[in-house]
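**Q** In case you want the letters, here they are:
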Amino acid sequence: MDKIVVVNYDKCIGCRTCETVCSLVHEKRINPSESRINVVKYEEIGANIPVLCQKCEDPACAAVCPMDAIKVDESLGTYIDYTRCVGCKMCILVCPIGGIGLNPANKKVIICDLCKGDPQCVKSCPEQALEYVDVSKLSIKKRREGLEKLAKFLEVAKI
Amino acid sequence: MNGYTNKILFVNLSDNSAGIIPTEKYIEQFVGGRGIAVKLLYELTPKNVDPLGPKNALIIMTGPLTGTIVPSSGRVDVISKSPQTNLLGGSNAGGFFGPELKYAGYDGIVITGRASSKVYIDIYNDDVEVKSAENLSGKGVFDTVKALRKNDEDTQVACIGPAGEKLVNLSGIAFSMRNYAARCGLGAVMGSKNLKAIAVRGTKGLDVAVPDQLKQIADEMRERIKDTPSYKEFPEWHHKLFRVLEADAKTFFGNYDNVLWDGRFEAYENAEKFVKGAELKLQSCFGCPLRCWAYINMKNVGKASAVACQGTLTSIVNFAKIKDFNKVWEAYLLCQDMGLDTGGTSATIAYAMDLYSKGILSKTQVNAINLTFGDGNAFVSLVKKIAGKEGIGELLADGVKKASEKLGEAAKKLAVYAKGGQELWLMEIRPFKGVALSCAVTDSGSHNRAAYGLCEFYYRSMKTQAETVAKNIVGTEEAAQPTRYEYKPKLVAIYEDMHTLADSLGVCSIPFMPVGLDLWTKAYTASTGRETSPKDLMYVAERIRTLERLFNIREGLTRQDDTIAERMFSEPLKEGPWKGEALDKVMFEKMIDEYYALRGWDLTGKPKPETLKRLGLEDTCA
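Chains A and B supply the protein sequences, listed in that same order. Start counting the first sequence at 1; every next residue gets the next number (this note's numbering). Start counting the second sequence at 1; every next residue gets the next number (this note's numbering).
Bear in mind the hints are in silico, worked out from the structure with no lab data behind them. Even glycine gets a Cβ: it sits at the ideal position worked out from N, Cα and C. Among the hints, erroneous ones may be present.
For lysine-lysine, the following DSS-like pairs were computed, each having C-alpha atoms within a straight-line distance of at most 25 angstroms [as the list claims (entries may be wrong)]: (1) Lys402/B with Lys41/A; (2) Lys139/B with Lys413/B; (3) Lys11/A with Lys142/A; (4) Lys413/B with Lys89/A.
Looking from chain B toward chain A, a few residues come up when the C-beta cut is under 10 angstroms (computed) [claimed, not checked]: (5) Gln283; (6) Cys288; (7) Ala294; (8) Lys303; (9) Ser527.
Using the sequences plus the hints, can you model the full thing?
**A** As structure tokens, this is what we get:
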């Protein structure tokens with residue numbers, strides 16, 4: 001795995017543009033149910049949580065697949081070999097975050113393929129709530145963001 | 001045809017029958033949304049139809065761009081005959097209901113008849129079922145939405161609150177947790193059908209003609225929207241909104257008799273402090289980058305999403321002069337939950353406060369409530385009474401005009417409303433001649449459905465932009481000046497047509513103008529595969545506006561109805577930046593003459609035979 005799509009939950013405005021873009025790119029039609037990314041909403045607490053395959057290093061979906069239809073590309077992570085997939089949906093059951101979908105039209109399992117390294121949802125997100133980030137820089141990025149407050153405090157306190 | 005689902009769901013609640021109306025035959029002439037809805041209303045209802053009778057039709061229509069990848073495409077248009085104005089009742093809502101309806105396979109829903117007991121319509125793709133809603137009877141909007149979603153927040157709900165069930169004319173239709181088709185008493189129409197809610201979930205999706213091209217156009221549109229001043233300002237509007245109204249000199253307070261209320265800055269500061277302090281998360285409707293609303297969690301009062309809209313949250317402060325923003329928020333949540341039009345309700349309560357202060361309403365009549373301006377508790381009590389039609393609420397439930405008619409001459413003189421008796425949308429009208437004209441000639445109620453964003457609106461704060469827009473549209477910068485009567489008829493007619501197109505294509509009117517008709521046209525063609533041009537679409541808009549007119553004439557409208565409350569003429573503004581401004585009757589009538597001429601209507605406001613022929617409406621007799 002080189003890069004993954006990182007979700008900045010606090011930036012998501014819940015517009016679902018990522019869903020329409022994803023279905024259009026992959027299925028040439030518009031249908032959030034055919035999208036590889038889905039915005040899960042908890043309206044009462046104001047939370048919007050885009051969910052998509054997190055490209056696990058040790059993917060449960062691949063481990064459980066009885067047909068070995070889920071493969072792992074060194075650079076783009078998990079992908080589905082549709083010549084082998086029989087649609088048993090075991091992968092959906094074991095994915096810990098619900099990152100695998102089922103296309104209601106043809107009952108095929110769908111999973112983010114990072115648009116072959118150029119994820120269109122990231123490009124279309126109006127709020128940069130989605131970012132395509134180098135995995136090796138992921139923790140340093142989160143660390144810096146998380147510590148911004150402390151850094152500002154230290155500056156003010158002139159410590 | 002691509003872009004459409006080609007099916008309009010027809011449900012008759014009297015005999016529980018359902019059917020499909022093919023969208024196809026209406027597309028060429030009326031495009032979608034508002035256009036097709038008006039055509040259906042004209043066709044499906046008899047002359048002089050009782051707005052609250054079973055023969056009235058309640059129509060919820062999406063447009064061909066609704067639910068596509070195009071930005072700001074979450075809109076639905078709701079059309080019926082209005083119980084409040086007895087004319088065409090139209091209101092447009094955002095959110096996520098429209099897209100979900102299309103994904104379920106329907107361009108729209110038409111409801112006629114009346115169920116024998118309280119019901120809701122449950123739609124899951126091809127499965128459409130009328131189910132009992134007895135357990136939801138009397139429930140607020142928030143609980144109703146929650147109950148019907150059953151933990152799937154992609155299920156979208158259109159529903160009414162207790163106010164709609166009680167046939168309160170000030171009631172609207174809620175679309176899930178916050179979006180409203182608030183105006184024209186459409187909640188009462190839904191209530192009269194014993195229809196509590198419509199729940200929809202769709203997984204079928206939508207085919208478009210040229211997907212890749214549509215994506216490119218949508219990307220370009222999104223960029224254009226991000227270049228607009230609205231995009232930059234909206235995240236701050238939630239607390240700066242009052243200042244925006246002030247900057248454009250649109251502010252008034254109370255029952256239209258006060259501009260420089262000395263408590264206003266304290267009220268603004270309170271609002272800013274509270275809204276900034278509340279847990280706030282910016283939100284958008286379907287596919288929209290604009291984030292013009294937010295989730296707000298006001299500690300100890302309640303959490304919900306609020307809209308940074310000039311017409312709603314602010315109207316409680318402006319009309320009732322309430323400084324305590326905790327109370328304002330409580331009142332706002334209550335209006336939303338009861339299913340009331342917050343703007344119309346605030347105007348009506350301010351009117352009652354004014355009458356009480358002048359002794360026209362007695363202490364007994366107002367049920368011993370301390371009905372004075374600034375009293376938040378009184379406001380909240382009155383909202384409850386209006387929603388339940390209890391005590392004083394019975395008198396006020398149908399709005400300012402109908403209340404004034406029951407109270408006699410002194411009360412009538414103080415009443416302010418727009419065409420047909422609907423409360424004005426929150427802004428001072430007297431200096432804004434274009435807006436005033438728009439209120440008078442529009443299809444229904446106030447100007448928010450016709451002249452939203454008219455360049456007069458922002459002349460004070462963004463003069464150069466307003467003048468550029470005016471020059472582009474009517475050829476002269478002067479048209480942007482609020483107090484000028486000249487050029488306004490043409491300006492209003494073009495804005496109306498643009499607005500009608502936004503409502504008919506199923507997209508939001510806020511980004512419609514800045515994005516430009518050329519791109520919307522391209523999006524329409526890429527989505528549907530149907531070739532058209534901006535000129536052709538404007539021609540469709542003209543046809544729709546004239547059909548709206550024909551409907552209103554059929555229901556008894558005459559030129560005398562194309563006006564605005566008398567006080568806007570007879571009572572010049574006493575203070576503020578527009579001191580001395582009022583509407584001039586002669587100039588106003590001249591604007592109407594000119595507007596009619598532009599529309600091809602005669603001096604009585606009736607479309608001329610040659611106009612009907614030109615627009616292909618000759619078979620529609622008024």
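**Q** Give a verdict on every hint.
**A** Hints, verified against the model:
Note on Lys402/B and Lys41/A: the hinted pairing is violated, with a Cα-Cα distance of about 42 angstroms set against a maximum of 25 angstroms. A hinted pair counts as satisfied when its Cα atoms are at most 25 angstroms apart, and Lys139/B with Lys413/B does not qualify at roughly 37 angstroms. Distance restraint check for Lys11/A and Lys142/A: the Cα-Cα separation of roughly 14 angstroms lies within the 25 angstroms cut-off, and the hinted pair is therefore satisfied. Annotation: proposed proximity of Lys413/B to Lys89/A is violated, straight-line Cα distance about 70 angstroms (limit 25 angstroms).
For the restraint placing Gln283/B at the interface with chain A, the shortest Cβ-Cβ distance is roughly 5 angstroms, inside the 10 angstroms limit, so the hint holds. Annotation: interface hint on Cys288/B holds; nearest CB of chain A at approximately 5 angstroms, less than 10 angstroms. The closest approach between the C-beta of Ala294/B and any C-beta of chain A is roughly 8 angstroms, which is under the 10 angstroms cut-off, so the hint is satisfied. A distance limit of 10 angstroms between C-beta atoms decides the matter here; for Lys303/B the minimum to chain A is near 7 angstroms, and the interface restraint holds.
With 10 angstroms as the threshold, the beta carbon of Ser527/B comes within range of chain A, its nearest partner Cβ sitting at about 9 angstroms, so the hint holds.
In the structure shown, a violation is registered for the earlier hints numbered 1, 2, 4, in ascending order.
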